[in-house]
Amino acid sequence: MITKDLHVLNKLGLHARAAAKLVFIANKFVSDITLVKDDKQADARSIMKILMLSASRDSIINITVEGNDEIQAMNSIEKLFQNKFDEDL
Amino acid sequence: MNVGILIITHSDIGKQMLLTATSVYGNNPFRVELLSVDNYDQPNDVIQLGQKYVNFLDEGKGVLVLTDIIGTTPSNIAKSIKHQKIRVVAGLNLSMILNVFNYPKYSLENLAEKAIEGGIDGIMNL
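Keeping their order, the protein sequence lines are chains A and B. If you count by the numbering used here, then the first sequence holds residues 1 to 89, one letter each, in order. If you count by the numbering used here, then the second sequence holds residues 1 to 126, one letter each, in order.
Among the clues, some could well be false.
Facing chain B, from chain A, some residues (calculated, C-beta under 10 Å) [what the hints assert, rightly or not]:
hint	residue
1	His15
2	Ala16
3	Arg17
4	Ala19
5	Lys21
6	Val23
7	Phe24
8	Arg45
9	Ser46
10	Ile47
11	Met48
12	Lys49
13	Met52
14	Ser54
In short, the hints are calculated from the structure, not lab data. No experiment lies behind these values; they were computed from the predicted model shown. Positions of the beta carbon are idealized from the N, C-alpha and C atoms, including for glycine.
Kindly produce the complete structure, drawing on both the sequences and the hints.
Right, here's the structure in full:
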């Protein structure tokens, strides 16, 4: 199991298109991927649960990945956050 | 092969929601048809059209019909369509469509559940 705190760096926060990208990445792996913000928890494969975290810019999301490909999954997710979900904003 | 989706709404609400959901995901994973119902429409004509759409949309996994407000003409039309594998869910909102698009490989029954769950999840005090 790997766990990391990731910063939401993009201007629009974890909005709909960003959440859809996260779901797309999560679906490439078999590991369980869970996001936690404050007292709310979300499965990274559910767009609505991610949106319900209501994570704006500068939020910190705790990510936990557990499974056979957890290292690759965490690397991909970390890259997505660092690249601001491929948004220029 | 995925479940087919038929969206029946007042005016073009459904079209705008479909366009928005497609834009969020960058693509649309389902075969989708839209039926907009306006004051001047004859319900029986729309039912016939809906019937044709449902037959066209079913590639073997059935058809999920999403409609806006229960008890209104679009919802009554949706309920009047006869098909072997059909589920009708009312209360359409954008979070419902976003959640349905999240699960393109789900069966008709499970997708209908996800539609309801997504629709309800999107309603809360902020």
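Structure-based check of each hint:
1. Hint status for His15 (chain A): holds, given a least beta-carbon distance of 9 Å to chain B, under 10 Å.
2. A least Cβ separation of about 4 Å between Ala16 (chain A) and chain B falls short of the 10 Å threshold, and the interface hint therefore holds.
3. Here the hint on Arg17 (chain A) is kept, as its CB sits about 5 Å from the closest CB of chain B, short of 10 Å.
4. For the restraint placing Ala19 (chain A) at the interface with chain B, the shortest Cβ-Cβ distance is roughly 8 Å, inside the 10 Å limit, so the hint holds.
5. Nearest Cβ of chain B to the Cβ of Lys21 (chain A): about 9 Å, under the 10 Å cut. The hint holds.
6. Hint on Val23 (chain A) holds. Least Cβ distance to chain B is approximately 6 Å, under the 10 Å limit.
7. Hint on Phe24 (chain A) holds. Least Cβ distance to chain B is approximately 8 Å, under the 10 Å limit.
8. Checking Arg45 (chain A) against chain B: minimum C-beta separation of about 8 Å stays under 10 Å; hint holds.
9. The closest approach between the C-beta of Ser46 (chain A) and any C-beta of chain B is roughly 6 Å, which is under the 10 Å cut-off, so the hint is satisfied.
10. Given the 10 Å rule on beta carbons, the hint for Ile47 (chain A) holds: about 5 Å separates it from the nearest Cβ of chain B.
11. Interface restraint check for Met48 (chain A): the shortest CB-CB distance to chain B comes to about 5 Å, inside 10 Å, so the restraint holds.
12. Because the smallest distance between the Cβ of Lys49 (chain A) and any Cβ of chain B comes to about 7 Å, under 10 Å, the interface hint for this residue holds.
13. For Met52 (chain A), the interface hint holds, the least distance from its beta-carbon to any beta-carbon of chain B being 6 Å, beneath 10 Å.
14. Annotation: Ser54 (chain A) was flagged as interfacial toward chain B, and the flag holds, the nearest CB pair being 8 Å apart, inside 10 Å.
Taken one by one, the earlier hints all hold for this structure without exception.
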